[in-house]
Amino acid sequence: MTFSVLLQSLVSGVLVGGVYALIGIGLTIIFGVMRVINFGHGDIMMVGMYMTYFLFTLAGVDPFVSILATMPLMFLFGAILQKIFINRILGSLPQNQILLTIGLGLIMSNSAMLAFTSDYKILTTSYSSSSFNLAGISISQPLLISFLITCFITAALYWFLMMTDTGQAIRATAQDREAAQLMGINVKWMSILSFGIGAAMAGTAGALISPTYYIFPQVGSAFTLKAFVITVLGGMGSIVGATIGGVIIGVVESVAAVAISSDWKDVVVFTIFLLVLLIKPSGLMGKSHM
Amino acid sequence: MLRKIVLAAAITVLSLPGASYAAKVKIGFINTITGAEAPIGENLTNGVTMAIEDLRKKGIEVDLVKEDDTGKPEKSLAAFEKLATRDNVAGVVGPYTSACSSAVASQADKYKVPLLVPAAAKEEITRKGYKYVFRLNAPADVYSSVLMDAILTLDKPKTIAYIYESTDFGSSTVKTAKEYAKKLGIKEVADEKYQKGAPDFRSTLTKIKSKNPDIVFMVSYVVDAITLMRQSKEIGLSPKAYLGGGAGFTTAQFLAQKEISNLVMASTQWTDDVNWPGAPDFAKRYTAKFKKEPTYHAACAYEAMMIMAETASKNAGDRDKTRNGLKAGKWNGIMGEVSFADYDGFTNQNKHQMLVQQVQNGRYETVFPKKFATKPPVYPFKWK
Amino acid sequence: MAILEIRNVSKFFGGLAANSDVSFEVNEGMIMGLIGPNGAGKTTLFNCITGYYPPSKGEVVFDGKRMNGLQPDKVCKLGMARTWQKVRPLAKMTLLDNVMVGALCRTNSLKVAREMAMEQIGVVRLEHKAGFLAGGLPIGERKKLEVARVLATRPKLLLLDEVMGGLNPAESEDIIKLILDIKAQGKITQMVIEHDMKAIMRISDRIVVLNSGEKLAEGEPQEIVNNPEVVAAYLGTE
Amino acid sequence: MKSFNNRLASIRGAGTVKIVGVIAVAAILFAFPRFVESPYALHMMILFFLSTLMGSSWNIIGGYTGQYSVGHAAYFGTGAYTTMILLTFKDIPPWYGVWAGVAAAVVVALVIGTICFRLRGPYFVLASIAVAEIIRVTALNLTDLTKGAEGILLTDIPPFMIGDTILTDFSSKVPYYYISLVLALLMILVTWLVQNSKLGYYFQAIREDQDAAHSLGINLTIWKNAALVISAVFTSLAGSFYAIFVKFIDPTTVLPLDLSVQIVLISIIGGIGTIFGPVVGALVLVPLSEMLRSNIIAQGLINSGLVSAESATGIFLKEHLAHAHVLIYGILVVIVILFMPEGVLGFFRTIVARKRKGAA
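Protein chains in written order, with this note's numbering: chain F, 1 to 290; chain P, 1001 to 1384; chain B, 2001 to 2238; chain D, 3001 to 3360.
In case anyone wonders, no lab produced these hints; they're calculated from the structure.
Here a beta-carbon is modelled for each residue, glycine too, at the ideal position from N, C-alpha and C.
Short derived list, chain P residues pointing at chain F, Cβ under 7 Å: (1) P1039; (2) K1193; (3) G1197; (4) S1203; (5) T1204; (6) V1223; (7) I1235.
Examples of chain F residues toward chain D, derived with CB under 7 Å: (8) R88; (9) G103; (10) F228; (11) F273.
Simulated restraints on C-beta separations: (12) D:R3356 <-> B:G2015: 54 to 64 Å; (13) B:H2128 <-> D:R3349: 19 to 29 Å; (14) P:E1061 <-> F:L58: 34 to 44 Å; (15) D:Y3096 <-> F:I145: 53 to 63 Å; (16) F:G184 <-> B:P2138: 21 to 31 Å; (17) D:I3023 <-> P:D1342: 51 to 61 Å; (18) D:D3169 <-> P:D1342: 25 to 35 Å; (19) D:R3356 <-> B:D2181: 37 to 47 Å; (20) P:D1281 <-> F:T57: 28 to 38 Å; (21) F:I145 <-> D:F3089: 47 to 57 Å; (22) P:N1361 <-> F:T57: 16 to 26 Å; (23) F:L134 <-> B:K2086: 50 to 60 Å.
Using the sequences and the hints, build the whole thing.
Next comes the structure, spelled out in structure tokens:
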């Protein structure tokens, strides 16, 4: 493995990792506040992808611009899911929470299949396969743009949670539900907000990945698993952790593919995941709840 | 109590009167309608739908019993049992996936129900000597050999790199490709398997680029083909030829990606411009009906259903006679000449001529073998 | 004779000391009271003794054996049992089953365990509730359940963590009687964390006072009541 | 005291009724193939027994011990692969291979247990998924041993012989029927034994509160691993049976995350932590998914003349209901969780209890 190969895989790993991070952030917020592992997370992302696709093909909205519409819509979608379904089972048995999100995921992906058929949809923009060269390293334009957008969104979200009253209320809820309730925070409302934000993040990730990937009803499951890994790696409930976790996974996948081989890269990823769980179960970013 | 009710209900359901239509011929069709394999399964469904219409025009009424196997072998078995013993079909077309076909094949012999596999590529399916199992499409080894043969008419390449999905289709196609390449003295410089649906191949492709192969051989069942080619272009991997084994490289979606699909060669069971009887017409009608272009899966399923229904109808739905009819018959339709022969360890295998197509100026052109070619191949590969 | 010796035990969490350099002895058959303001490190000390946390420094010696590093289950098998400040009933199991789980520490036979459990349920006078799910019992009965459950493990030393917390006076009185009964039988030594000063003064033979993780005082109830430092510590907080 | 004894007596009475009931049902099931010859019906029954076996095995670790493993495909696949590899490459007949599979699954379980049981709650769930995925990818890549993605296809199973007498040559469904029935009954018996022994008490104590259990002298590592081993043994048997029954395995059919989720579903939908919960789960899920899969509902409506095949509704039902079956499945899962949080069995139990209360 030459140095340039390594550098190339590092760069593309970081860029892809940015999008992973966004998926992870969505999951981590949901988990942090509600302690529910959302098995339907990838399917929520899939909804965002279809939204982006139809905005592009029917209205001609560029995928990156469409985030402006996708994000609020997905927020609403997540909030409704939370209000109607998840809120009912908060505090019930953990296995039921897992199962409910599995069920909701099945409903989402199969409704998509009925509505849009199981065909692969490909969103081709003028820049889908364009790249530029930087010191012998090729950098994909759409990936770079989505990486920058991810950075911006992450920063904005961080600011929201740290600096605004609502953000602090969400963090308080994440730290200790009961205490937050005693302090007069409307915990149910915070749950709705955070599921909304989580869904918006997943949807945005879907939008960002659309120009370089493809869309079909079952696309979510692979990303759900990835989101789990990222979230645990960074520390459940930690936004900074999820960001770092996303980039780490992106890089590990990319470098393992060249350093070991592409068929074993998932094993490397999962092994790192297990090691982190065992050595530092609270994740890389420790116990900081967001 | 509950148990009894359910049992009773199950028995009632099982004994629902199977409608009997004297004039109709009853054919089963096992396909993957839901689940992860559904996107391709849909093409088979469409092909069969067209076949049923065309059969009606020919005066053959088919009572089609559609079964979804969700891509799982045990469900496929259940579907087959149901078709064989409850629906009393004359023959079965399907299943779509290799895994399901492998599981179902042995049952076909057990129940003596003719099974015509339309598109599953796993070689073993017709290598077990089953009398009632027939296959229309060419098995996995031909996907690679036809491509190599095509390249050999143009050049004598020295090195080859493989990148393929870690599925049955991917690994068995590449396995045969490797054997064939070895025989031809082409040196393997990279062997990269990937998990279907991976979003990022850049590092793997960079690694391949550093080996500078003459040929890049790819197998991808789905639209990973597009991701692969997009990223190959991105990092500037330019071998003398990109060869795509089947599926993912033969879709309309791939074609539509003009920037990256140009000059890629792919092996396929069928093309819409091949001069087999009715092929272009089928493509036209299919496109009009389903608003998308037919894949070779659709064509295979169509032809398989035509052959099965015609044979069964001729033999009044008798399974043994239908089986003998399939074994003895010869057809010439949209898949070219079809007959089920025993050769090289295969039983009842149609020695289907696979084709090589190349994207030229935004169109799929058949470039190999020469007698079916619409355009000569363009070589070597250059990015647009 | 000392059944439990705490020798210079310290416990640090990060940089914070929850216990520092605590030493005292508990003699066989007595009731040792452990008091202190909130956050004084009483429960942490219990956790160090029963194996939930390894002490950062110092030793815990029980019945002549060094306990450092032993897991809670081992500790229980050796004859030291504890209850929890916040009751932890096995909610979806019946009261009888709960106590049987304790008894199974000493036997493999369900039949024997059932008998042992019924005996202890008799001690806490909850026979009429034996078949009820533990999660549905009122707080007073759940506290008694915990006592019965630990008694069923046949302990030599019983560590009771605020067994009277959240109870009404009548229920507290029940528990006090129970503790005194156990003492009267003379087989089990007890160490009790309690906030109710009156109760602790009544039942304890000796009392250790913790404050900010350190041992502030030790002595007989009367001495403790008259210790100006203790009074100051309490007045400072309460 | 008296009321308690009465209660005890009534529990024992109910037990007798239950035992008699189970024996009667088992007798009917043993006689079933004598009266029903349809291979399709037998196939469905076999799938039902297999699901019961899988659900009940999971129930031991998930339901009784409260460790929600979402990686049980690992044991299923281990059993399936061991049996198949021994049979196809070493010609070792399955009735020996199965035990090798069990041994392999025990080893896998102990390794997984050692890693994962240090974790709790959601972390345990995720770790169990990760380990199962590692095993799946490994099976995919160790092509020399497992034939990788190509899978292992079996043509013939050697006849099962004792001495020189051929007991069965596996040519019909009947031997599979009896094997799966016996396995399922055995699993129910094991569950009953667990529930009525120290094991059951310790498992449930761990489920309810690990720390409290620990303080009562329960060595968490030992007992959690014991539960996992029991669970893995029977899941492995299920996997071996599946391999021999379907005669084809590959990583995507015997090792995927999907399968792990499916196993969990059977148990949770039926009702966890009860002997018959997974049986009810299988009884609901197997016929349901088959009816939805084969579109029997639409067919039935059309055949019965209620809906004409050519009418818009008929066409819609025929064309789209088949596509919608996983959707319906998902909706059912959601309904069960929202309205029957204790599972179907628990739901009916509550109803019966309520009625009794009303009557009294």
